[in-house]
Amino acid sequence: MQSVLTLASKDLRLLFRDKMGLFFVAVFPLVYGVFFGLITGGSGDSGSSAVPVAVVDDDRSAISQKFIEALEKQGSLEVVAADRATAADRVRRGQLTAFVVLPKGFGETAGIFWMPGPAIELGIDPGKRAEGGMLEGLIMQAMGGMMRERFADPATMRQSIQRSSAEINNSSEMPPAQRMILSGFMGALDQFLGSFDAKLFEQNGPRMEPARIERVDVTAAQNPTQALLSKVRSPFEITFPSAIMWGIIGCVAGFAISLVKERTEGTLLRLKTAPISRGQILSGKAAACFMTAIGVIVFMLLLGRLFFRVRLSNPLGLALGSICTAACFTGLMMLLSVIGKTEHAVAGAGWAVFTVMAMIGGGMIPLAFMPRFMRVLSSVSPVKWGILALEGAIWRDFTMSEMLLPCAILLSVGLVAFTAGVRVLSRSDT
Amino acid sequence: MLSVEGLRKAYGNLVAVDGISFALRSGETFGLLGPNGAGKTTTIHMLVGALKPDSGAVHINGASDPTRPDVRRNIGMAPQALALYPVLSGEENVAFFGRLYGLSGANLKQRVDWALEFVGLSDRRRDRVKTYSGGMQRRLNLAAALVHDPPVILLDEPTVGVDPQSRNHIFENIEILKRQGRTILYTTHYMEEAQRLCDRVAIMDHGKILALGTVEELIQQHGGRSVVRAELERPPADASVLPAPLEGTSLRFETEEPIVAVGRLAAAGIKFLTLHVDRPDLETVFLTLTGRRLRD
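Residue numbers (numbering that gives the first Met the number 0), protein chains in the order written: chain P, 0 to 429; chain U, 0 to 295.
Keep in mind that a hint or two might mislead.
[As the list claims (entries may be wrong)] Chain U regions said to be covered by chain P (calculated; three or more residues, Cβ under 8 angstroms): (1) 74-86; (2) 106-117.
[Unchecked claim] Per label pair, the in silico range of CB-to-CB distance: (3) U:S2 x P:M0: 51 to 59 angstroms; (4) P:S276 x U:E253: 54 to 62 angstroms; (5) P:A419 x U:G180: 56 to 64 angstroms.
No wet-lab data here; the hints were simulated from the structure. Don't be surprised by glycine CBs; every beta carbon is placed ideally from N, CA and C.
Isolated chain P (complex conformation) (with noise of 0.2 angstroms):
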């Protein structure tokens, strides 16, 4: 074990100090990451992090107004005014995380604590329940504060309770004892409000359920794709296993091309009459690659998770992807080595091998965007495996089961490339 970590870690030495195998694989995939991510609207997401979400307003009165103003001045939300069908239809397509449905009549209840709150509709796009939840939140604050409006506004307050006083009294259907208890409290009411002191209720207001948020279902109009892209924060989320994939390939390249180089400059004889076993170089070798494509993923999802929204959701499942990537790839790098004899045949053949991989695998256009038969097709190319089992941890919501399919994919690729690249070396050398 001593010696397989003592020529890896003079193979990753070796890469530290090589600045254009370097920069391919740390620097390229971050431009990679970036770049796109920024080009497929990155740009209007990455500087704020406000949930955009429409508000329907249906009342069109001055309480529902507040409400709207209260839900702008939250900082989280980024408001804008739609009808119903432009807001639903706005988040189907993703452009927006919610829309929010105001009915008509939401002023006369709305904040009136001994009224039943206003039932409010709230279309959320399904892939994001966390901003759901955390909106639900909100209107409720929004709400809550609609109710200190209220109390804060005691003439109106007591307009309103005037109004239910006089109802009450005309109601025919209610029980004369019940009439006289609610009469009876809402005289005290009106009396309380006549002597009510605002800053006082600031302080020490009630905490109630202010409102009803009914859900509303935006998934049925999606086709599968708007549903899947529906789950993604930030495109980032996309662009990032991407990249993520081009600094793994550099990373194969680079090592690949390095075995070569230890055969044709004369260092692999010496490691060869070391007393160490051929297992044990190929070995070290290995795991330098594996280590080197794990860095490649952990440096690009720190960066993802830092600076461009990228979600670390699912840790497990994102470690056991990383993982049977790096394993995958470390089994293709191997078998890229003994494909050619010299550095350049071993370039060549792998640039032109992985540039067909990436472009079939999802590299290049993001596997979401891919239409049918591409998928399909996608499916040969180890890459898409690759950026499936990173995608599923970071934004597709998978499963540990549903992990298991690109996992064990990319593990099997893996097991058969190294192999295959093993034999054909031991039988060159021989």
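Given the coordinates of chain P, assemble chain U onto it according to the supplied hints.
Just chain U, lined up with the frame of chain P:
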């Protein structure tokens, strides 16, 4: 210490090594002398287990499997192709190979210091190898073979392409190693090197050992006679004192004892304008054995 018996290796129809046998005695420097393509490097590769022979056997310290780690720990090899990492420093290169031989900690540091000092590269130890001259790289190649203090050293053309200064440094290094009692197998196509450094020499060509012995033995057996070439002041009055007919005033003749022959001519009153004695050497031996020169 180290021996091979009937070693053979072929690549398709090309027989690189054709059933050779030899044995190195402990502490001797043994030369494999032959032109490029003679099979010297292939032989070394089979000796260290980097190549599998088609037939024959290798014995090193009694073990017949040179791929065994305990056998390899006793061997240091400086390959003909520079086996170094250009972007690592000299010190990093030597330390890396030292670690592969199980050295670590203070022992590793001590051995690295010794090896770099030995080949005269201590002052350049932190520079990257790609900045070294060809000769310095050759010396570092030797240091990497010696870092683990092996009793058996295999040097495959260790002076190819080096400047005279580095070449002399390497010669001195090898002479020190000889005095330390190391067993050295030295391949070269420079007969002067074999003559200067080797206790015994095997002459190889086309995968076969054509002759084996000390330099003196080889010359005696295969070198032929010395050639004396002289330009005389004037032809002698009595031409019968000459061992060969004159061409103008030029005299050329072969003899087993050139000094005695020249002494006789001088005693007969012959005055020389120029005098050359070409004694047979390994080049002559090779020419005699193969009909070709070593560097053809």
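> If you check the beta carbons of A419 of chain P and G180 of chain U, does the distance land in 56 to 64 angstroms?
Replying inline: violated (47 angstroms)
>> Is 51 to 59 angstroms respected by the C-beta to C-beta distance linking S2 of chain U and M0 of chain P?
In response: About 35 angstroms separates the Cβ atoms of S2 of chain U and M0 of chain P, which means 51 to 59 angstroms is violated.
> Has the hinted range 54 to 62 angstroms been met by the Cβ atoms of S276 of chain P and E253 of chain U?
Replying inline: Holds: the Cβ-Cβ distance is about 57 angstroms, inside 54 to 62 angstroms.
>> Please check whether the region 106-117 of chain U has three or more residues whose CB lies within less than 8 angstroms of a CB on chain P.
In response: n = 0 at 8 angstroms, threshold three: violated.
> Are there at least three residues in the region 74-86 of chain U whose beta carbon sits under 8 angstroms from a beta carbon of chain P?
Replying inline: With 10 residues in contact (Cβ-Cβ under 8 angstroms with chain P), the coverage given for the region 74-86 of chain U holds.
Consistency with the previously given hints fails for numbers 2, 3 and 5, ordered from lowest to highest.
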